[in-house]
Structure formats: C-alpha cells, structure tokens
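Asker: Take these sequences, add in the hints, and give me the full structure.
Heads up: the sequence shown at position 241 corresponds to 354 in the numbering used here, and the numbers run straight through without jumps.
Don't read these hints as lab results, they were simulated from the structure. There could be a bad hint or two in this list.
Said to hold, decoys possible - Simulated pairs of lysine-lysine, BS3-like, Cα-Cα distance not exceeding 25 Å:
#, residue 1, residue 2
1, Lys141, Lys371
2, Lys346, Lys336
3, Lys141, Lys205
4, Lys676, Lys776
To be verified - Pairwise CB distance ranges, derived in the manner of DEER restraints:
#, residue 1, residue 2, range
5, Phe154, Leu542, 14 to 24 Å
6, Ala447, Gly192, 51 to 61 Å
7, Ala407, Val305, 42 to 52 Å
8, Gly192, His320, 43 to 53 Å
All C-beta atoms, glycine included, are put in the ideal place defined by N, C-alpha and C.
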Amino acid sequence: MSDKPHLTHAHLRELLTGMIRIRRFEDKCAELYTQEKIRGFLHLYDGEEAVATGVIPVLRPEDRIVATYREHGHALLRGVPMNAVMAEMYGKATGSSGGRGGSMHIFDAERNFYGGNAIVGGGLPLAVGLALADKMAKAPGVTACFFGEGAAAEGEFHESMNLAALWSLPVLFVCENNGYAMGSALARTEAVTDIHEKAACYGIESHQVDGMDVVAVEAAARKALETIHETGKPQFLECLTYRFRAHSMFDAQLYREKSEIESWREKGPIVRFQGWLSENNLIHDAEVAEIEAAVAEEVAAAVDFAEQSDWEPLETLTKHVVAEDRPAPPPAPAPSAETVEMTYREAAKQGIRDALQRDERVFLMGEDVGAYGGCYAVSKGLMAEFGEDRIRDTPLSESGFTGAGIGAAAAGMRPIVEVMTVNFSLLALDQIMNTAATIRHMSGGQFNVPVVIRMATGAGKQLAAQHSHSLEGWFAHIPGLRVLAPATLEDARGMLWTALQDPDPVLIFENVMLYNMTGKIAANAGPVEIDTAAIRRPGTDVSLITYGGSLYKTLEAAEELAKDGIEAEVIDLRVLRPLDDATILGSLSRTRRAVIVDEGWRSGSLSAEIAARIGEQGFWHLDAPVGRVCSVEVPIPYPKHLEDAAVPQVPAIVAAAKTAVGKG
Numbered sequence: 114m115s116d117k118p119h120l121t122h123a124h125l126r127e128l129l130t131g132m133i134r135i136r137r138f139e140d141k142c143a144e145l146y147t148q149e150k151i152r153g154f155l156h157l158y159d160g161e162e163a164v165a166t167g168v169i170p171v172l173r174p175e176d177r178i179v180a181t182y183r184e185h186g187h188a189l190l191r192g193v194p195m196n197a198v199m200a201e202m203y204g205k206a207t208g209s210s211g212g213r214g215g216s217m218h219i220f221d222a223e224r225n226f227y228g229g230n231a232i233v234g235g236g237l238p239l240a241v242g243l244a245l246a247d248k249m250a251k252a253p254g255v256t257a258c259f260f261g262e263g264a265a266a267e268g269e270f271h272e273s274m275n276l277a278a279l280w281s282l283p284v285l286f287v288c289e290n291n292g293y294a295m296g297s298a299l300a301r302t303e304a305v306t307d308i309h310e311k312a313a314c315y316g317i318e319s320h321q322v323d324g325m326d327v328v329a330v331e332a333a334a335r336k337a338l339e340t341i342h343e344t345g346k347p348q349f350l351e352c353l354t355y356r357f358r359a360h361s362m363f364d365a366q367l368y369r370e371k372s373e374i375e376s377w378r379e380k381g382p383i384v385r386f387q388g389w390l391s392e393n394n395l396i397h398d399a400e401v402a403e404i405e406a407a408v409a410e411e412v413a414a415a416v417d418f419a420e421q422s423d424w425e426p427l428e429t430l431t432k433h434v435v436a437e438d439r440p441a442p443p444p445a446p447a448p449s450a451e452t453v454e455m456t457y458r459e460a461a462k463q464g465i466r467d468a469l470q471r472d473e474r475v476f477l478m479g480e481d482v483g484a485y486g487g488c489y490a491v492s493k494g495l496m497a498e499f500g501e502d503r504i505r506d507t508p509l510s511e512s513g514f515t516g517a518g519i520g521a522a523a524a525g526m527r528p529i530v531e532v533m534t535v536n537f538s539l540l541a542l543d544q545i546m547n548t549a550a551t552i553r554h555m556s557g558g559q560f561n562v563p564v565v566i567r568m569a570t571g572a573g574k575q576l577a578a579q580h581s582h583s584l585e586g587w588f589a590h591i592p593g594l595r596v597l598a599p600a601t602l603e604d605a606r607g608m609l610w611t612a613l614q615d616p617d618p619v620l621i622f623e624n625v626m627l628y629n630m631t632g633k634i635a636a637n638a639g640p641v642e643i644d645t646a647a648i649r650r651p652g653t654d655v656s657l658i659t660y661g662g663s664l665y666k667t668l669e670a671a672e673e674l675a676k677d678g679i680e681a682e683v684i685d686l687r688v689l690r691p692l693d694d695a696t697i698l699g700s701l702s703r704t705r706r707a708v709i710v711d712e713g714w715r716s717g718s719l720s721a722e723i724a725a726r727i728g729e730q731g732f733w734h735l736d737a738p739v740g741r742v743c744s745v746e747v748p749i750p751y752p753k754h755l756e757d758a759a760v761p762q763v764p765a766i767v768a769a770a771k772t773a774v775g776k777g
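Answerer: Written as structure tokens, this is what we have:
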C-alpha cells in the first residue's frame, strides 16, 4: 500500500462524490427530522465529511470499523446501502439494524461495521478487543476506531490507549476533533487541547492532520495503516475539523456565534476540495452537476424505500434480546465412581483449565490473574502452563479490559474476563450494560458477545463496606445477560464449560466464603446446564429459596428445622437470570410456603423480584405470606460481630421458616 493518494481523475471524483453523498443524505435527514419522520437524537456529520471519506475507503474489507453516534457518513463510505441506512433512521424493519438501533446504532456485519455507539468513548475498548482478537488469531486485520475529542476526557480513552500500546494492537484511532464536545469549547474542558499529545504519552505514534482537507486525511491514513501493517502497533490520527450543525437536532446552539459557523463553512471540506478541483481544471461544472443529480436521485430513492418499508411487528418486540438458537448444553458424562477431594477454588480453576485445553479461542484476562495467580488464587499456576498470551494480566482498568474482552468475543474469541471483586464491576458497568447486553438487540441480531465475566462477591471476610457487596441482583435486572451463581463444586467447575458455549454474555458470581470450602467431586465431572434451579434438599412444609454463599447456611437451617418436625425444601437458584420460575412454583405447589434467603439488601433485591413472581403466578398456592431474609440495609461493617449481624445467618433463616409454617 502506498502512503500517498493516487490523484487520478477517477479518484478525485470518488472523493468529491463521497463527501457530497454524505452531505446530501444528512441534509435530507435534517429535513425529515423537522417533519418528525426521524426521531430521537440526530447527530449530523455536516462539515466533517473529509475524515470518513479520507480514511474508510483506504481500509480493506477484512478491517473492522467502530464508529460513534455521528456515524451515518462512516456507514455510507463503508458501503452500507443508503436505503438500509435511511430505513434505519426511520426505525423500519428493512433498516441496517432492523430498525432497532436508529440513528446512533447503525450496524452491518457483512461489511465489518461494528456500529455507532451512543456512549462517549464507549467504542474505544470495543475496538481494542477486536484488534486483540485479530492479533491472537494472527489475522491481518486492522480496527479503525472513530471518536470525538470529548472522549479524551473519559477514562475509557486512557484505558484503551494504554492497552493498545501495552499489547501492541493493530488499531487506527481516529479522533474527529470538531472543537466542541457538546456545547463546551475544547479549551473550557481540557487542560491539554492537542488530543494527539495525550495518545503520544502512551507511546503511540500520533499525528495531527487538517481534517477539512480530504487529501491530507487520506495521505495520513495511508501512512498510518502502512505503519500498522509493518509493526502491528497502534497509530493515532487527530483530524482537526468542525461541525456546521448543532451537536444534535435538540441543540439550540447558544454557545457559539453564527459568524463563527459561517467562517468555517467558507473553508468547509466540500467547498475547499471542489474549489481546488475547479481552479486546477480537474473537474468541470457539468461533472459536478452530474454527481449532484445522481446523489439526489439516490437520496430520493432511499427516502421512498424507507417510507414504503414495513415496521417491525409488535409480536417480535422481544426478538434479538438473547439468542433464539442457543446450542444444547454439552452432555455430562455418567458420574464416575471415583471421586477426588478439592476446594471450590480448585474446582473453579479446573473449569478454567478444562476450557483452555478444549478450545484455543479461550483465554483468561483480568487484574493479577497471571503472575500473581489471582486475588483469590483461582488462576495460580495457569500462566506457567498456558503462557502469557492466554493468561493475560491487565492493568487496573475495569472498563477498558472488560470492554476489550467484549470486543474480542464479538470477533469470535471466547474470553473469560475476571473482575477482581463485584464492587469493581461497577467501573465496567457501562461496557457490560451498554455494549455486551445490547449489541445483539441494537444490531438486529447481527452481532453477539459470547463473553464470560467472573467476579467474587459477598461478605464474611471483614473487608468492610467497599469490598463486601452482593450485587448479583443488579446485574440480574439487565436484559441480554445470563447471570449465574454456582455454589457447589460441580457447578463451580461445570457451569463455566457451558457458559463458554453460550452465544450471549454470561456473568458468573463466586461467593468469597466458598473458595476454601472442601468437598468431593466426581473425577470425571463435566459440563453443567445453566438454565434451571436445583433442589438440594426435598421437603414438604416450606420452600427455602436461595443461591450462592447462602446455600449452605440454608441447608444447615433446614437440618435445624427438621429437628422440630419441619421438612424444608431447599432450592438453589444457581441461575439468577433468567429465573427458573417453573422449579420455584413447582416447589411452592408442594409446600405452600416460601422463604427467600438473599445476601442482597432487601429494598429492590432479587428476593423482592422472586416474591413478586410468586405473588403473580402462585398466589393461590400460598398458605402464608412470602418471607424474606436479606442483608440489613446498612453498609457492611468491619467488626466481625456486626458483619455477621448484617448478613443472613442460620438463626434468622430458621425463625423466618417457623413463622411461615405458623410455629414462630
């Protein structure tokens, strides 16, 4: 690849046509917005056309693209049909994302277009993960990531720069610096206004280019891509440009003078390039008129296509939330008579080892999982066995490395992402909720994210308020995720096996109080299904419903109850999303009473959801109100006696069960 544009007449015409095509498409979108045919946020690319036109056509078909919420021009330049883009703007079923993404979420799997992203900076970790997948698979692809200068203030920007440089990933970062993050000028929000200098601080080769000059942008992009192909290392382009329209169509633009906008329009990319072509007799007015007419015809046809297209029927409202064709769970081997004794920690480790041996696409990444062996020693020794590429230590940058795992999964890898503790997962919540859980839906089913995210959860080790959370119920609230809480050795080892076959993101919560638990497990223990709850103790008088670290307290409470003639049935939920209503209601039909044991706080807890479902679906089975034993609504205290008092314990479970059966 030459690092210089080939300025033939045909190429010059392509560049001009590309920019005019974007401009006229968006002019029509603005008009349609005023007619209320396009709704929501509409972010127009007017004035920035030279950036996409200079970069995207230089990419190869196997290269991937991650864009922002201002991505219509990027999609058109990548070859997404204008009809499909316009229909997506309308929200029609024939849109590029089936109408489910709208203006900010245009996807096209066939063209490796990984969509717009409404979250400022949210696409950066995704791009890092896509590039990581290519590097690990030894594929020649490059990932181009477009974002605005406002993203440079986000932590995900810095986390992504660090990871890309640390792992020498083939990413072309393209900052479209239009001077205004939204309504605040760059100098008001950034101490250093040269964005490329921020990237250079991470050792990334970085350049600033005139983003209003399409030839300059293309030359810079060619050079950057050539360097990536030679070195495998990331490159950074800061394209100085300007948006002529508001941040979005909701924006009144009170933060800048009209004279400022007009002065920039006079040196806009189309005016500038077309004027240069005319002055040098490289194009004639008739040819420009021909281009304009062809584009106008294409835009009109796209509008007609969108107008005539059907809406997605209401019957498909819940389509593309999770995979509709999930594979059958791997068959479990017949239980072996031979058993081995191990800890829960070792069972989880064996599950990871099994996965690494079975599938070359699997790798483990997270804070201290490699050389240190994991905060809870789950991965101890795995780096020596499988190498640093597949047991990948990350910086302390939860959003960055979780997003990278999501990107790698979207590109076909099978990453296991370990977040050290559940409270740290809140730093990655943006990536988990806004990318992993939504990309299937927003793309109309074109992309999926088969990532597994593990984390330690729960109280009991005197780690005080900031390291003793039980937040599983928060994640179980989010559509698009599968949430597991293995409590037995078999589940700790075998659920991971099945989760890695799942086409959707799976979160696994391992209670910290279980890691040292010892038990016997079949020597040939294999995969465990991840769809249903398990009845750990049959009973007839009351259903005790729990999961995770509370399972063994609940089983102990059941034994105490049996001494008083109360036979409790203990349900281990195991799968917190989707909940297994059938097992819960089946148990309730036998016992007619229920107590839910949940280490989460009572208000808005998973126990509240289960109680509501019992009320909605099983009210007529009940002979008593549903009882709940939850953590006291207080940050978990440090002193042991207060910590114990704050979380569910056996006496409280026994008391609640006795109340339910009328013996309290």
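Asker: Within a Cα-Cα threshold of 25 Å, do Lys676 and Lys776 meet the stated pairing?
Answerer: Between Lys676 and Lys776 the Cα gap is close to 13 Å, so the pair holds against 25 Å.
Asker: Honestly, do Ala407 and Val305 meet the 42 to 52 Å range at C-beta?
Answerer: Taking Cβ atoms as reference, Ala407 and Val305 lie about 44 Å apart, which means the hint holds.
Asker: Take a quick look at whether Lys141 and Lys205 sit within 25 Å of each other, Cα to Cα.
Answerer: Status holds; Cα separation ~17 Å.
Asker: Lying within 14 to 24 Å: is that true of the beta-carbon distance Phe154 to Leu542?
Answerer: 22 Å, holds
Asker: Within 25 Å, alpha carbon to alpha carbon, are Lys141 and Lys371?
Answerer: 22 Å, holds
Asker: Verify the CB-CB distance for Ala447 and Gly192 against the hinted window 51 to 61 Å.
Answerer: Holds - the Cβ-Cβ distance for Ala447 and Gly192, about 52 Å, lies within 51 to 61 Å.
Asker: Keeping to a limit of 25 Å between CA atoms, is the pair of Lys346 and Lys336 held or broken?
Answerer: 13 Å, holds
Asker: The hint says 43 to 53 Å between Gly192 and His320; measuring C-beta to C-beta, is that right?
Answerer: Violated - the Cβ-Cβ distance for Gly192 and His320, about 26 Å, lies outside 43 to 53 Å.
Hint violations for this structure: number 8 only, all remaining hints satisfied.
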